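Engineer: The lines below spell out each chain.
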Amino acid sequence: MSDSIVKDSSIWTDPSNTATLNKLDGLIRIGIVKSAFNDADTGELRYLVEIQSNAKKINMNCRLMRRFGGVYNYEDYIYQGYKTTDAPDPVTSFEAKAGDAVLVGQLNGQGREGVILGGLTHAARQTSIQASDGPQYDSEFNGIHTNINNAGEWTLTFKALPTNISVLSSTPSSRIPAPQYNTTVGSSYMKFDKTGGFIVSDNATSDPQFLHIDKAAGTVTVNSGQISLVMTKSSQAVILTSKALTINSSDSIDENTTNYHLIASATAKFDSPKIAIGHADIELLDQITQLIDAIGKILPISPVGPCTALNTVEDWPDVEKIKAKINQIKGGL
Amino acid sequence: MALNQTNNFRIVTPHAAIIIWNYDNRLGSDPTNAGTINDINETILSTLSLQSIQTSKSKSSPAGSFTVNLAPTRDWVSQITAGSWCAILMSNNPISPTQLAKADPKFVKMIGKIESVRADIQIDEEGARHTTYTMTGTDWGYIFNNVLYIDNLISAANTPTNQGNAIAIALQKQLFGDGNTPQSFKVVDNLVALLGIFGSSSPELDKASGAINRINKSIYDFLIPTKMAQYFNFVDGDGNINPSTKLSDLLTLQVGKLVAQDQYADTNEAYGFIDPFSLQGTNTFWQIMMDNSNPALNEMYNEIDWETNNSGTVGPSLTIFNRIKPFSYRTDLQSSAAANKLKSPFTLLKTHVIDNVKVTSVNIGTNWRDKYNFVEIRPLFQDFEILNGWTAQKSQGSDTAAFNREGFRPMIVGTKQFPVDISTTSSASSAQYNADMLTSWVELLKEWFFDTHRLLNGTLVMRGTTEYIGVGNNILFEAGLINPTMNLNQGANTNTNTNYVLAHVENVNHTFTVSGDGGRTYITTIQFVRGLVVNKANGNYTLVGSGSLDELASDLQNQKYKNTVNTVSTSDPSDPDPNKVRGQ
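Line by line, the protein sequences give chains B and L. Here the first sequence is numbered in numbering that gives the first Met the number 0, starting from 0 and rising by one per residue. Here the second sequence is numbered in numbering that gives the first Met the number 0, starting from 0 and rising by one per residue.
Do not rely on the hints blindly, as some may be mistaken.
Far from chain B by the CB rule (all over 12 Å, computed), these chain L residues [stated by the list, open to error]:
1. Ile10
2. Asp119
3. Gln171
4. Ile240
5. Gln253
6. Val313
7. Lys340
8. Arg368
9. Thr390
10. Lys415
11. Ile468
12. Asn506
13. Gly518
14. Ala536
Here are the computed lysine-lysine pairs in the BS3-like style, where the Cα-Cα straight-line distance is at most 25 Å [unchecked claim]:
15. L/Lys245 with L/Lys226
16. L/Lys349 with B/Lys6
17. B/Lys190 with B/Lys158
18. L/Lys226 with L/Lys349
19. B/Lys329 with B/Lys273
20. B/Lys6 with L/Lys370
By construction, these hints were calculated from the structure, which means they are not laboratory data. On a predicted model such as this, the values are computed, not experimentally measured, just so you know. Ideal Cβ positions, reconstructed from N, Cα and C, are used throughout, including at glycine.
Next up, chain B with everything else stripped away, as it sits in the complex (with noise of 0.2 Å):
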């Protein structure tokens, strides 16, 4: 090209000028969530993230990485932020800051508009699992803790929110400290262990109850304090052990079995407008009023000779009346 050729600046631009507007950053960054938020248009989440950029503090706007973006499949969660104010922070330790600890990578390399890629260790967080125990996992949102063992075996624990949890939401100052949790409360879990059984527990210190499926030993056992329900798969056996036991149904009962056993120490009482006691078409209580038909035509032998029926005796009406009383309450089988 002639060097005479004056070129167009409009064309020809000066590549310094456009370094910017062409430059990509890719770099993934840390950083410290300040605040969690719906977007006014969109309603969609949104975050204000303090990325850390070469010991920089730059402010940046991030959405959110989820597992699944479909209409019907999703998955929304809310990070913690932390107290701030337009001054800087009180503390510039990472450990005072509430803000969940993440790492965001740039939308098309741009800083324009971040993404929360996920989650990083908070610099006051302990890790309570060790590796040298071998693949494990541990988490824990707002006092739901989830661990998976060595062993294979998945807990869940209701710990209820952390006592301390005001601490999150105050002026950074210090170390924020392990989070607190009532017991009395929290503790209930769920466990599958690793013979396969299964339990559910309020975990109280104190008569505890919990539901407890074991698969080796083939037994359901439902536990409420003293109360105990142990089903044996083997046997077949069902026992129920508790202070006092209420059945109420309000149509029927129906109970069968081969041999019947019941011991009352003190009392048994058996209350029903119809009662049938017996087996086939031999009723107990028909038995009983037939007997007393039969009596009532028995023709006594006095020593002077026959006497009339006993139904013609002048007391038989009371005998008739305890009869109809009999049944009255008699049922059939």
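Model the placement of chain L on the given structure of chain B, informed by the hints.
Structural biologist: Below, chain L alone, put in the same frame as chain B:
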């Protein structure tokens, strides 16, 4: 190069001088007494000391440059403090104390910042010692080459560390608003916010400073000597003489499209975001401004714009232009209504009329490499809503018929700003993203860049100009300087009026030389692009023919393209008339 015999020669004695506001304090690693750092001694260099001056200003770069050779009348190395400001005056008019006391557009050619003063000593064969001093520097635009460094935690010395950097907070507000929701702002608003970093007021900066009880100014600023400010009487954006010594107070942002001769109106064509990572010390201020300028449609450059102030006098305005590219000239295009709203006519640019007599040479021609046949606007960010509407059908334009002959010549324009519906841009909150506007953007890009090979570029050399000719303006000179038959296009050949070339100033160089015998030469070299053939009437410029070279080369018949005015010839075997060769 005279066209008129009555003006065939003219005796002119050019004049030059340099006013140096020479800093007394050279600064250093020792703590500086802030009270004395701007103390200056005013030094005036006249043609007694000046051997030569060269200035160069280009539209493509924010900072111009100058080189001055000085006679060894003093030890200039120790005399002149590097970093001092200066005014370079060159003119065909005599320089009197008046011009040394107050800036005059007929004299001032550059506002400079001295970077280096060097002595060059040569000993010839006879042992004679030849000493020349060379002073080099940049113009005022060097401030834009400063790296911008903003940190939330940086505060001025002696200020409590529990207070944030007002600038950082202001920019955060600009990014996220009060509710931390990402905010998009008009291009001009973002540029104003960035300029606010240099100490100018901005609404967000005011708000931020109120929140933290800090003065809403940047910690560092570019200060000029008081005497320099008094000399220039800078005109600010409101047309007032601004006596401030802070350059930040003196910068004027000129945006929008041309609506009348050298008059602009804001277009609010795009909205965008400031990238907070761009402000961390790795980019120059100019680069960051470019990043937020919507370069797809706008051109950004800086120049001294001599304006008549509200007092009726003319003064320099340090102007940053971020205007719609003023390259629309075609009157035959059927553009969409949206595109028409964005068009900035080339003929409305500030225009300097060149005196034919002063012109000593013109080199002019075409450049096929300037031509594109495909344009595409690409978003340099990701957003579902925006990308959904940002389709190739809207963001691409092409001249497919040209592909077969020229190959694929794409102009891919990246933008971090997104188009908004022009009708909804009266306020920031009401702007609506409108991908359909991309179609009009593409229309404009096609108009600006598909015909550039038919426009004229070149170099015009003239005896030094008295008038200040700024880059980014237009020049107008008689087409007859190029070709007496004025046959640039079909229209020019039949035009009964004078044909002119209206061209866009890309670079301006001034050279002032004092020869050994005291003779002075002052030459101005203007490099121009996008030259059109126009008529001039009542200060308005109308296209002659299509303005550019004709689309069809055959539109010019053979007798028209011969330089018949200055060439006397008949058809002969060495130069046959093509029609006769064809037997016509």
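Engineer: Are all beta-carbon distances from L/Ile240 to chain B longer than 12 Å?
Structural biologist: holds (31 Å)
Engineer: Quick one: work out the minimum CB distance from L/Asp119 to chain B and report holds if it exceeds 12 Å, violated otherwise.
Structural biologist: Nearest chain B Cβ is 27 Å from L/Asp119, so the label holds.
Engineer: Minimum C-beta separation from L/Gln253 to chain B exceeding 12 Å: can you confirm that?
Structural biologist: holds (17 Å)
Engineer: Does the claim that L/Ile10 lies off the interface hold, with its Cβ farther than 12 Å from every Cβ of chain B?
Structural biologist: holds (31 Å)
Engineer: Please settle this one: L/Gly518 was flagged as non-interface, so is its CB more than 12 Å from every CB on chain B?
Structural biologist: L/Gly518 clear of chain B: closest Cβ-Cβ about 28 Å, beyond 12 Å.
Engineer: Can the restraint linking L/Lys245 and L/Lys226 be considered satisfied, given a maximum Cα separation of 25 Å?
Structural biologist: Distance ~13 Å between L/Lys245 and L/Lys226 Cα, so the pair holds.
Engineer: At 12 Å, judged by beta carbons, does L/Arg368 keep clear of chain B as stated?
Structural biologist: Violated: least Cβ distance 7 Å, not greater than 12 Å.
Engineer: Beyond 12 Å from chain B, beta-carbon-wise, is L/Gln171?
Structural biologist: Given a closest Cβ separation of 5 Å, the condition is violated.
Engineer: Would the least Cβ to Cβ distance between L/Lys415 and chain B come out above 12 Å?
Structural biologist: violated (7 Å)
Engineer: Decide, holds or violated, for the assertion that all CB atoms of chain B are farther than 12 Å from the CB of L/Lys340.
Structural biologist: holds (20 Å)
Engineer: Has the given pair, L/Lys226 with L/Lys349, been kept, meaning a C-alpha gap of at most 25 Å?
Structural biologist: Between L/Lys226 and L/Lys349 the Cα gap is close to 30 Å, so the pair fails against 25 Å, i.e. violated.
Engineer: Within a Cα-Cα threshold of 25 Å, do B/Lys6 and L/Lys370 meet the stated pairing?
Structural biologist: holds (12 Å)
Hints 3, 8, 10, 12, 18, counting from the list given before, are not met by this structure.
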